[in-house]
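If you want the building blocks of each chain, they are given just below.
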Amino acid sequence: MIKETELLAAGAVIGDMPAAEVDRRLRQLMERRRSRSDLAELRELAELDACELERSTYQLARRYHDEGNLEAAARWYAAAAANDYADATFELAKVLDTLAARQRDIPASHASRREELDLVEGAARWYSAAYAAGHPDSAELLDALIARHDPSRPRVARPPAGHLPGVHAGEACPLGGLMRVMQGRLTTASVHVGTCHACQKELVDHGGILPIARGSQRPRPAR
Amino acid sequence: MSKRVSPEPDSGREARLSLASFEVFYRRYLPVLMRFLISQSRDSAWALEIAQDAMVAACDKWDDLLTFDRPDSWIFTIALRRLRRLEARARERCWLAEGTSDSDLRLVAVTDSWVGQHRAVVAAVRGLPRRQAEVVGLRYLAGYSLEEASAILGIGAGTARTHLRRGLEALGDYDPGPPVSTQAGQAVGR
Chain A
1 MIKETELLAA
11 GAVIGDMPAA
21 EVDRRLRQLM
31 ERRRSRSDLA
41 ELRELAELDA
51 CELERSTYQL
61 ARRYHDEGNL
71 EAAARWYAAA
81 AANDYADATF
91 ELAKVLDTLA
101 ARQRDIPASH
111 ASRREELDLV
121 EGAARWYSAA
131 YAAGHPDSAE
141 LLDALIARHD
151 PSRPRVARPP
161 AGHLPGVHAG
171 EACPLGGLMR
181 VMQGRLTTAS
191 VHVGTCHACQ
201 KELVDHGGIL
211 PIARGSQRPR
221 PAR
Chain B
1 MSKRVSPEPD
11 SGREARLSLA
21 SFEVFYRRYL
31 PVLMRFLISQ
41 SRDSAWALEI
51 AQDAMVAACD
61 KWDDLLTFDR
71 PDSWIFTIAL
81 RRLRRLEARA
91 RERCWLAEGT
101 SDSDLRLVAV
111 TDSWVGQHRA
121 VVAAVRGLPR
131 RQAEVVGLRY
141 LAGYSLEEAS
151 AILGIGAGTA
161 RTHLRRGLEA
171 LGDYDPGPPV
181 STQAGQAVGR
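Chains as they are written, first to last, in my numbering: chain A, 1 to 223; chain B, 1 to 190.
Treat the hints with care, since some could be wrong.
What the hints assert, rightly or not - DEER-style ranges, computed between Cβ atoms:
1. B:175 / A:109: 49 to 55 Å
2. B:146 / A:41: 34 to 40 Å
3. B:146 / A:24: 31 to 37 Å
4. A:109 / B:156: 37 to 43 Å
5. B:145 / A:117: 42 to 48 Å
6. B:21 / A:21: 18 to 24 Å
7. B:127 / A:13: 16 to 22 Å
8. B:92 / A:46: 16 to 22 Å
9. A:41 / B:21: 17 to 23 Å
10. A:20 / B:67: 30 to 36 Å
11. A:105 / B:64: 47 to 53 Å
12. A:24 / B:67: 26 to 32 Å
13. B:147 / A:110: 47 to 53 Å
Simulated from the structure, these hints should not be mistaken for lab results.
Where is the CB? At the ideal position from N, CA and C, for every residue including glycine.
When you get a sec, could you build the whole thing from the sequences and use the hints?
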């Protein structure tokens with residue numbers, strides 16, 4: 001057990017460097033500044049500017065966050081979190097969590113699921129980093145994130161673009177509707193073209209797999 | 001970018017006066033900065049190097065620093081940022097920590113003598129999560145107020161207070177473990 005009094009006592013003693021040691025290090029510092037190359041000087045100044053830039057980056061992220069622009073906030077928080085600045089890791093995790101929740105409400109598609117997965121992965125990573133940095137709340141938020149984005153949960157079904165349902169005015173198509181029939185035929189045609197030399201030639205001549213209406217033949221690209 | 005102060009002694013009265021001021025600053029704040037950094041890094045060699053790097057930066061920007069209300073706050077911010085950047089890079093590349101910790105034995109011997117009888121305190125603060133260690137270190141080892149500590153860390157005062165409370169709670173539960181015997185036969189805390 002460490003008490004406050006022990007901390008204060010340690011603070012009064014630790015680091016009491018002998019004066020000769022301080023002098024030695026000061027001389028080293030001056031010698032280092034005198035003898036460093038232009039490149040070394042530029043590198044040190046650049047590193048210094050980078051340190052100061054983190055503060056601005058974090059403040060910009062907070063501003064975007066307050067204004068509700070979460071995409072921009074995430075981008076700038078990420079820049080600050082990469083170097084462990086302030087609470088950027090925790091804030092970034094929360095923003096990605098919110099963005100993932102928004103993505104989850106978008107009707108299911110391959111792209112939206114992938115986007116959601118990326119966001120969840122990022123949020124989980126930064127919650128872990130925030131936990132290590134000293135935010136115990138991150139553990140609960142991480143648990144909730146994982147529970148919310150369980151891949152086995154049902155999602156809102158999204159009708160595909162140009163969807164023609166298999167049921168029209170109460171009549172059901174036994175093959176699943178026109179769209180499914182067309183998809184099936186295109187797949188069959190693609191497989192066939194992959195093995196048939198004659199059809200490959202024809203495909204090249206026509207410029208695509210779909211039949212082209214007469215009189216609207218596309219010009220062939222110049223070789 | 002700040003105008004640099006030339007270290008050459010014959011470069012003018014103003015420059016010499018500024019340099020003299022930097023020397024005062026250096027002598028006063030290097031031990032405090034070291035005290036803080038030793039409690040934040042597992043590697044004492046890193047703490048020493050980063051303190052010196054931060055002082056070089058302060059010397060480079062000395063003219064600008066003279067216009068600051070608290071030049072010492074600036075140097076704590078810069079030193080801590082350098083340390084955390086270095087650690088973040090180390091974590092990314094997996095070359096941190098136990099394997100390289102305290103690798104420079106001469107430096108370890110020097111810093112150990114500074115830590116003295118308070119090794120258990122340093123070990124306990126080093127064992128805290130980073131933000132908690134930073135607030136505890138700035139508040140108790142470097143002697144800053146909570147508001148000053150929050151400004152140095154770039155976080156809100158309320159957040160700093162929360163980190164301080166959690167840090168003190170964790171230190172209250174800290175178990176230094178059984179004493180470890182040194183070569184000289186002394187029993188010290190881990």
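Structure-based check of all given hints:
{"no.": "1", "hint": "B:175 / A:109: 49 to 55 Å", "result": "53 Å, holds"}
{"no.": "2", "hint": "B:146 / A:41: 34 to 40 Å", "result": "37 Å, holds"}
{"no.": "3", "hint": "B:146 / A:24: 31 to 37 Å", "result": "35 Å, holds"}
{"no.": "4", "hint": "A:109 / B:156: 37 to 43 Å", "result": "40 Å, holds"}
{"no.": "5", "hint": "B:145 / A:117: 42 to 48 Å", "result": "45 Å, holds"}
{"no.": "6", "hint": "B:21 / A:21: 18 to 24 Å", "result": "21 Å, holds"}
{"no.": "7", "hint": "B:127 / A:13: 16 to 22 Å", "result": "20 Å, holds"}
{"no.": "8", "hint": "B:92 / A:46: 16 to 22 Å", "result": "19 Å, holds"}
{"no.": "9", "hint": "A:41 / B:21: 17 to 23 Å", "result": "21 Å, holds"}
{"no.": "10", "hint": "A:20 / B:67: 30 to 36 Å", "result": "32 Å, holds"}
{"no.": "11", "hint": "A:105 / B:64: 47 to 53 Å", "result": "49 Å, holds"}
{"no.": "12", "hint": "A:24 / B:67: 26 to 32 Å", "result": "30 Å, holds"}
{"no.": "13", "hint": "B:147 / A:110: 47 to 53 Å", "result": "51 Å, holds"}
In summary, the structure agrees with every hint in the numbered list given earlier.
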